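Novice: Residues per chain are reported as follows:
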Amino acid sequence: MAGVTLDTVRKIYAGNVEAVKGVSLGIEDGSFCVLVGPSGCGKSTLLRMIAGLETISDGTVNIGDRVVNEVEPADRDIAMVFQNYALYPHMSVYDNMAYGLRNRGTPKDEIEKRVKEAARILAIEPFLARKPRALSGGQRQRVAMGRAIVRKPQVFLFDEPLSNLDAKLRVQMRVEIKRLQRALGVTSIYVTHDQVEAMTLSDKLVVMSGGQIEQVGTPSEVYRRPETRFVATFIGSPPMNILPGKVEGPGRVSVGGQVLNVTDMRDGLPPGSAIEVGLRPEDVQAGGSSSSTLAMNVDFVEELGATQLFHGKVAGAEFIVQASTGQIAADTRKLTLSVDPGNVHLFDPETTKRLGRV
Amino acid sequence: MVESRRYRNILAYFTLTVGIVVVAFPVYLAILASTFDAATIINGNMPLLPGDQAGVNYPRALFSGGRMAREPVSMMMVNSFIMAVGIAVGKILISILSAFAVVYFSFPLRKTAFWVIFITLMLPIEVRIYPTYKIVADLGLLDTYTGLIMPLIASATGTLLFRQFFMTIPDELLEASKIDGAGPFRFFKDTLIPLSMTTIAALFVIQFIYGWNQYLWPLLITTKGSMQTIVIGIKKMITTQDALTEWQIAMTTAVLAMVPPVLVVVFMQRLFVKGLVETEK
Amino acid sequence: MEKRALFSSKILPYALLLPQLVITIIFFYLPASQAIWQSFLLEDAFGLSSEFVGFENYRHLFGQPEYYKAMVTTVVFSTSVAILSLSCALLLATQADKQLRGGEGYKTLLIWPYAVAPAIAGVLWIFMFHPTLGTLARPIKAMGIDWNPMLNGKHAMTLLVLSATWKQISYNFLFFLAGLQAIPKSVIEAAAIDGASPLRRFWTIIFPLLSPTTFFLIVVNIVYVFFDTFGIIDAVTGGGPAGQTTTLVYKVYADGRLGGDLGGSAAQSVILMIIVIALTAVQFRYIERKVQY
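Chains as they are written, first to last, in UniProt numbering: chain A, 1 to 358; chain B, 1 to 281; chain C, 1 to 293.
To be clear, the hints were calculated from the coordinates, so they are not data collected in a lab.
Honestly, I wouldn't trust all of these hints.
To be verified - Computed list of chain B residues with no C-beta within reach of chain C, every gap over 12 Å:
#1 33
#2 53
#3 54
#4 62
#5 71
#6 74
#7 80
#8 82
#9 101
#10 145
#11 154
#12 171
#13 173
#14 183
#15 220
Stated by the list, open to error - Distance condition first, Cα-Cα at most 20 Å in a straight line; then the derived EDC-like pairs of lysine to aspartate or glutamate:
#16 204(A) / 160(A)
#17 10(C) / 203(A)
#18 134(B) / 261(C)
#19 134(B) / 2(C)
#20 3(C) / 171(B)
#21 111(B) / 2(C)
#22 116(A) / 176(A)
#23 107(C) / 278(B)
#24 131(A) / 278(B)
#25 189(B) / 171(B)
Every value quoted in this text rests on a predicted model; they were computed, and no experiment measured them.
No residue lacks a Cβ here, since even glycine has one placed at the ideal position from N, Cα and C.
Extracted from the complex, chain A is given alone in its bound form (with noise of 0.2 Å):
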């Protein structure tokens, strides 16, 4: 097995489109990296790249400590699992398993072996004698992973491989990719746009936006501390609020004449420069009587079950809260919010990277 490290890497499409622009990671041996972000921010064609399957512009690939660059797509001892699963609709389940085995000049036997135990893996050796389209969306997902298990590849690239599935489907999915990952200790690179999948799947988080990273990181990580703007509302559901606020003071901010306290704050900010307030929907109290509060008009409900959120403004911004059910009145038309230090997020308006403690 081995890891895989991106160097400066660059896409450049004919029309001088630039899809990736310089990219360096760095992915560790056996670990569980997700690429995420909006559609159009060049993780798959990152992807592609790492595979063999987009010519790499500028910059080097190494899986393992060999460059890829030129390396055919078949000799990079990779294995690919496709958003359309891509099956070979006219092969056997079995068949579809042992093309690539063959293709490689595999003895039948150890063909059959490795076969037969990544069906028992995945639940499928009832239909290896069955055609693709005799199979659920669930069991097709299951065989493209097969098809990428038996060949015991160093890394397994995965394409937005569950975006196809129902929603009950992907979740259970989810899981079983995660638990099979463990069990074989493969270098796994995960391309998805769902930050729910990519926070539950990695152990290293990459964050991309315009062709760039934006964050690498642990997923409580990026979580916790959202180096950009962007990272802090894509990571994270409902959004995290951004409130346009002023800085009064070290380790002080005000919203609309309201002041809060922040932890996690720059040095010598210039007080009454203008500055970008993020609080997450699920870190603020109604209510309390902490040092930093917040008035919020609340317009409407959103039911949830366990929880609900409240919509409104809070100095004439949109602001979502969350809250368990039934702690808050659900005619409640103006609420008090208490705000712990810690929670508040700072972003430069200009730059949008954060502004937090260096």
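Assemble the complex: chain A is given as a structure, and chains B and C must be docked to it using the hints.
Specialist: Frame of chain A; chains B and C shown alone:
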């Protein structure tokens, strides 16, 4: 819709039945004629129910031929069959290869190659008949199967059909094959051909009928009786003086000439319709 | 429109294209260009020498009353066959579209004449309408008409139109039926709720929605009558009597073979090519609009 459904259904049934009868009538007459002797037909009062001469007419047509054509019809049918299969197979072979090249490879002259082939769609052989004849003659291919077949497969229909089909195959299938270690030949053999089987079969059906029914081209380049196709043979049986035409043999031959392509259409209707609709000619 | 994933190879694509290109060049481009070249040459009677005469062959052609006659014949022939076969096919297709049960059976029973060779179709019809022994010629004669397609040009043309129509109905039927079945039933139901009678529904809803198919079929039918009917004409009338059923395509054949006038025949070929290219261009514009990648 409920309005007067019964009345309209009866009308539809009636119209369709009339249509089917009118369409079938000429062929019914031919089948009838193949069951009578010459005299019954010539006197102009052929009954509308079959006679008892089929056992005479069919063996005679098949194995000794008419007075005018001289060649046994079975031999003509073999020629027709070789030509039809040759055209169908030849066209499928050259066009699946060229469509593979045009769709799955990037090379400098790709567009040019596509247009060079595409233009042939516009000009059927009828408009370039004599120069083609001359070239085939110069190549010494008169009265040969090669001469019969080659000029008729120089057309773009197959290439376009395969190109259209290849375009519908998801890109990921090629990518998965690449990752599975398949090169162009393996991809072609293991994935493209198996996936194209229905298209290949549909094209075969259409081209077989097209080849079997050829008239002008075989008329020009076959001079030997032994190279005659059945469609040409039957025409020779009736162009001579009326008195010499053996109508019972001519119509027997006509029935024999219709049997293979009609069977193909009836029993491979699904493929036939697919081929017809997708080649759009 | 291109594939995202491709193979890259220097030689392989050319090798794959080679068979088709070779055949196309030898049996298509070479003859087609020779036809163009020959149309500017005048050969002597023995075909021993030829000289370049520019547009002389074309000038000669357009000076011939027979050429105009062939043009008129072609137009009359194509229009009659197109109108007749399209309307019969449309009538049958609308009826078959109504009949949900047994629809496939009707289809089979109506499409098989497509498989009959044009020349054979001609033979069938000439047998049926043969002046002395034709089963259907007798009732016509009984009505006092001196039916004889061998001698009467109008009768000959009628017979040609009938046999060509007979053969073309199946093709048109198939496409009309497919077109009808592609019309969403909800549209027709909406029209019924809006109070349109069945006949009115046909003319105001179904027929307009069917117009792309109709247009496509008109072009295809014209091309069909131009070329594929050669076998019918040669079998039924041989262009006669007295050239009254000689179409443009038949004239190319007759002038080249029987008359030995290769230059004139080539000039006619070139004019035909131009007509076909124009027709195909029209058809292609339609297909392009329909099949948008």
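Novice: Next, verify each hint and record whether it holds.
Specialist: Each hint, compared with the structure:
1. Non-interface call for residue 33(B) relative to chain C: violated, since the shortest CB-CB distance, roughly 7 Å, does not exceed 12 Å.
2. Taking the minimum C-beta to C-beta distance to chain C, about 16 Å, the non-interface status of residue 53(B) holds against the 12 Å cut.
3. Its beta-carbon lying about 17 Å from the closest one in chain C, residue 54(B) satisfies the requirement of being farther than 12 Å from that chain.
4. With a least CB separation of 17 Å from chain C, residue 62(B) remains clear of the 12 Å interface cut-off, as annotated.
5. Against chain C, the non-interface label of residue 71(B) holds: every CB pair exceeds 12 Å, the least being about 17 Å.
6. At roughly 17 Å, the least C-beta separation between residue 74(B) and chain C is larger than 12 Å, which holds for a residue marked as non-interface.
7. Consistency note on residue 80(B): stated as away from chain C, yet its beta-carbon is not over 12 Å from all of that chain's, at 9 Å minimum.
8. For residue 82(B), the condition that its CB be more than 12 Å from all CB atoms of chain C holds, with the nearest at approximately 16 Å.
9. A cut-off of 12 Å between C-beta atoms contradicts the statement that residue 101(B) is not in contact with chain C; the least separation is 4 Å.
10. At the 12 Å boundary, the C-beta of residue 145(B) stays outside the reach of chain C, the nearest C-beta of that chain being 15 Å off.
11. Annotated as non-interface, residue 154(B) brings its C-beta within 12 Å of a C-beta of chain C; the closest such distance is 4 Å.
12. Distance check for residue 171(B) against chain C: the nearest CB is about 4 Å away, which does not clear 12 Å, and the non-interface claim fails.
13. Listed as outside the interface, residue 173(B) is inconsistent with that label: its C-beta sits roughly 9 Å from the nearest C-beta of chain C, within the 12 Å cut-off.
14. Here residue 183(B) does not stay apart from chain C, with its beta-carbon only about 8 Å from theirs, under the 12 Å limit.
15. Non-interface status of residue 220(B) relative to chain C is broken: a Cβ of that chain comes within 12 Å, the nearest being about 8 Å off.
16. A threshold of 20 Å between alpha carbons decides the hint, and for residue 204(A) with residue 160(A) the separation of about 17 Å falls inside it, so the pair holds.
17. Annotation: proposed proximity of residue 10(C) to residue 203(A) is violated, straight-line Cα distance about 43 Å (limit 20 Å).
18. For a cut-off of 20 Å, the pair hint linking residue 134(B) to residue 261(C) stands: about 14 Å separates their Cα positions.
19. Pair hint residue 134(B) plus residue 2(C) does not hold up; C-alpha atoms about 40 Å apart against a cutoff of 20 Å.
20. Straight-line distance between C-alpha atoms of residue 3(C) and residue 171(B) comes to about 7 Å, which keeps the hinted pair within the 20 Å bound.
21. This hinted pair checks out: residue 111(B) and residue 2(C) have alpha carbons roughly 11 Å apart, not beyond 20 Å.
22. Straight-line distance between C-alpha atoms of residue 116(A) and residue 176(A) comes to about 18 Å, which keeps the hinted pair within the 20 Å bound.
23. Of the supplied pair hints, the one linking residue 107(C) and residue 278(B) holds, its CA atoms being roughly 18 Å apart against a limit of 20 Å.
24. Note on residue 131(A) and residue 278(B): the hinted pairing is violated, with a Cα-Cα distance of about 26 Å set against a maximum of 20 Å.
25. Distance hint between residue 189(B) and residue 171(B) is fulfilled; the C-alpha atoms sit about 17 Å from each other, no more than 20 Å.
When each numbered hint is compared with the structure, violations occur for hints 1, 7, 9, 11, 12, 13, 14, 15, 17, 19 and 24.
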